[in-house]
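Given chain A's structure and the hints, the job is docking chain B onto it.
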Amino acid sequence: MKKIFIFLTLLQIGGLNPLYGQSNLLESVKKNPNNAIEMCKKFREFNSKGISANSDEALNYVSRKNKLNPINAEILSIYVIGLHCPNVI
Amino acid sequence: MFPVKYFDTYLKLKDGVKLISRIWIPEGEGPWPALLMRQPYGREIASTITYAHPTWWASKGYMVIIQDVRGQGDSEGDFKGFSQEANDTSETHSWVRSLKECNGKLGLYGFSYQGLTQLTGNEFSEPPDCLSPAMTGVDIKEHWCSDGGAFWWYNNITWALQIAALKMKREKNFSGWEDIRNNLENNKHLREGLNLIKKYDPDNFIIKWSKVLDQKKEFDEIKPLSSWLKKPMLIIGGHWDPHLKGALDLYIRSKSIGGDPEIIIGNSSHLNWWEESQQTLLNFFDRNLKKVNPHKISSTKQKKIWNISLQEWDNIEKKSLNYEFSLRSAGIANFEIIDGSLLLNSESDGFVTILHDPWRPVPSEGNHLGPNPGIFNRFEVDRRFDVAVFQTNFLKENIQLLGIPNLYTSVSCDQESFDICASLSLVNEDNKIINQFSSGFLRVRKNVINEERNYKLKFQPTNITLPKGNKLRLSIASSAWPSIGVNSGCDANNINPVTMNHQITTLNFNLKNTIMKIKPLF
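Top to bottom, those sequences are chains A and B.
Reminder that position 7 of the first sequence reads as 7 in my numbering, one-by-one numbering, no gaps.
Reminder that position 193 of the second sequence reads as 193 in my numbering, one-by-one numbering, no gaps.
Any given hint could be a false lead.
Short, incomplete list of chain A residues facing chain B, as computed with Cβ under 10 Å [to be verified]: (1) Leu26; (2) Asn69; (3) Pro70; (4) Gly82; (5) His84.
These are calculated hints, taken from the structure and not from any lab test.
Glycine is no exception: its CB is placed at the ideal position from the N, C-alpha and C atoms.
Okay, chain A solo, but in the shape it has when bound:
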């Protein structure tokens, strides 16, 4: 039991179980509005430079920041934009 606890702790510290889990991205966005708002701010920055939130550059940012693979980063972006900044392009 102790070993399992240590393993799970290491996963958390090591970023393998980041803020956003694999299959509950929508719930995660709802529970972490501050992070979503921060992402919206970054998306607006991208937009001001003529870069879309759908672009590889923006998705790489989401992927890096949240330690997500590219597909999960796209899904997360869709939820964040839909819930918090629908005017982002």
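Frame of chain A, contents of chain B only:
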């Protein structure tokens, strides 16, 4: 009739190989601007399945050169596909410009393979004055070979057999040609095709592509020359053409390096184009090769895409809404239409489980990869219990979907490889006509068995206005035969017709993380 004459001649390449061309010229005093097509199917045909005969182009004041590429038709050498074309193209351009009948102006035309031969040349070679690559692309994996990693079974097997039959003809192998033809006419080629190609044309590039895809190796890279992509270019694509993504990619590539290409995405399949296509192309060449009659020819650059339902052209750069749809099911969206919902601006929820039985794969027709491309009524297909159906209510207003539909979904599966095959359809008021207008495919490999993962499936780009009073339907299955091959369930050696070793596969879709979003074309 405008008097036109033709003759055969050849270019001797630096390596000694002779490439044969047929040249059509108007009667009278030249020289004329040249239109060149480099093709592998026989110069006499001159791609007349999609283009007006060279006599018509010559009658409009052009010298037309249709060349048999290396190893095809009457040209010498061995045919090796795309990899051979860069050098031969550059040498041919210099040769054409040097001909006494040519006034030095060179335009390129042709579709499919003939589209690709317009885009490859030796570095630093002089670009053509203008070009019109049609139904083509430069990424072998994405534009010639597969959708979402799923090999284009029907398209590539039938194409490879055509190439193999041409080889039999060239080698005067009567029985080989007959064998291929009989299999095609008896529809046995879908099962026997790969073996026939291996038997009669083992070096066929389709065999190579299928192996590269299966073994996850790197495809050869085709690098179009920047100086060529900046020249006046009319890119032609079609809603029902497998290479449509390639046409859009060419547009993006050209724009990204400062080009200002024209693009037309028509209501056309690979082999069946829209009526005014020839006149449009003629106007393009007249504008860029003759620069005469400036008042008679519209100087407006063509940048348009056909609207499938409204039957009219739209500006391809028009901004459209990036609609998002969510999915809901209580678990029986594959049994009861009422159970599967497709909702705008809502939250997805629920689940559905569908089965892939390789003995009876879900048939696939129409759109860009089916045997008969175009709109397809999938009413009967959607009645199957291995197809999950999600549908909107009657739309309260018109909705235009202009872009690339993307489906994001969570799946767990009991095999190491599985397919997700999705289609979008416009449903009429009585639910009887289900007009499928866009399809997408995804082959998942190295799946961790029974572990849920998120996946993304890209559909064929589309432009359709869903009329008020109709419905939008999303259908999801786990096979699409013969558009793509039947998945064996195994990661390796998975490009074959169905065998008794193919596994029955169960896919569990968690709809919570499932969403369909229409993303812009560019």
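Verification of the hints:
no.	hint	verdict
1	Leu26	holds, 7 Å
2	Asn69	holds, 8 Å
3	Pro70	holds, 8 Å
4	Gly82	holds, 6 Å
5	His84	violated, 14 Å
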